[in-house]
Amino acid sequence: MCVGMLAPRDLGLILSYRCQCACKHCLYACGPGWKEWMTLEVAREAVQAMKHWQHRFQVHLTGGEPFLNLELLCQAARILAEAAIPQYVETNAGWCTDAGKTREWLEEVRRAGVGAILISCSPFQAEHIPLRRALVAIEQALQVFGPNGVIVYQTHCIRQVAQFSVDEVVPLEAYVERYGKDAAGRIFWDEYSLIGAGRSSYALGHLSRKYPAEHFRGETCAHELLHPHHSHFDLYGNHISWFCGGLRVGDWRRLAQTLNDFAGGNFPPLIQVLVTQGPWGLLAVAQKEYHYRRRPEGYTSKCHLCTDLRRHLVQLEDFPELQPRQFYEML
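At position 7 of the sequence shown (counting the first as 1) the number is 6 in numbering that gives the first Met the number 0, and the numbers step up by one without a gap.
Among these hints, one or two may not hold up.
[Stated by the list, open to error] Straight-line Cα separation of at most 35 Å, DSBU-like style, residue types lysine-lysine; simulated pairs:
#, residue 1, residue 2
1, K209, K23
2, K23, K287
3, K34, K100
4, K180, K23
5, K209, K100
6, K209, K180
7, K23, K34
8, K100, K180
9, K50, K34
Rather than coming from a laboratory, the hints here were simulated on the basis of the structure.
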């Protein structure tokens with residue numbers, strides 16, 4: 000097998016796509032419109048599937064917002080702990096309305112086996128969640144996990160958001176009003192390092208430079224799809240490589256078969272196109288066979304082009320690779 004093929008160092012277990020927010024930068028189109036949660040049986044199956052990998056990796060329990068289902072979060076953590084797989088949890092801190100409750104919940108997940116926590120902090124979350132809650136989460140997490148067990152993503156955003164408000168939500172338009180369109184675009188796209196997939200290019204594309212589709216000719220997705228450092232297993236069985244929400248490389252319940260197929264160069268049809276030709280190759284297929292029309296204003300990135308193509312294709316044919324289908328409905 001090719002070294003590193005489909006061998007992430009950091010694997011996310013998506014317990015649900017449900018979230019209090021529907022952030023404009025979300026790569027996985029999470030939000031309150033999603034309802035389903037991973038079952039305990041599926042969580043066990045997912046951890047069992049991970050054992051096909053022989054390399055060292057860690058798992059992050061994520062969503063959506065995993066703390067919206069504390070019981071499931073703790074159950075999943077115990078399963079990972081029993082399998083001796085290092086783990087941490089991600090949160091947007093939207094639930095951290097009270098220091099005591101926050102401390103109690105963090106101690107509960109710590110006892111269940113979670114070794115660290117990543118607390119998201121950005122202008123995008125702050126549009127839905129007051130910064131104060133992230134600060135409460137950080138303060139309590141430092142007490143529970145210690146300084147080496149707390150990651151704030153991203154720390155510079157605390158200062159950015161606090162310039163507007165700590166206790167109230169801050170609409171993104173406030174940045175445009177204060178700094179102007181170009182500077183706000185740099186804050187969102189460059190300083191935060193936004194990826195143009197998921198919602199970001201639709202909700203925030205007006206603050207980014209755009210390029211014609213030809214600009215991405217020759218850019219393949221081989222690295223992202225075959226050699227990702229970061230991937231996800233979701234509650235529906237979708238194995239999502241890199242940050243490519245809505246695009247599955249296979250069913251994680253058949254991970255061994257997927258690994259064998261990929262090692263032999265046998266990819267699902269849409270994956271084959273993206274690996275060998277990139278979104279430019281997928282554009283040719285979409286235009287010729289599915290009457291896709293290019294966006295006249297252009298695209299923020301090859302990821303935007305890919306997402307827009309897939310959003311068109313999923314409406315016309317049932318491609319196994321375009322899962323979960325709800326992703327495209329929630330964009």
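Violated hints, by number in ascending order, as checked against the structure: 5 and 8
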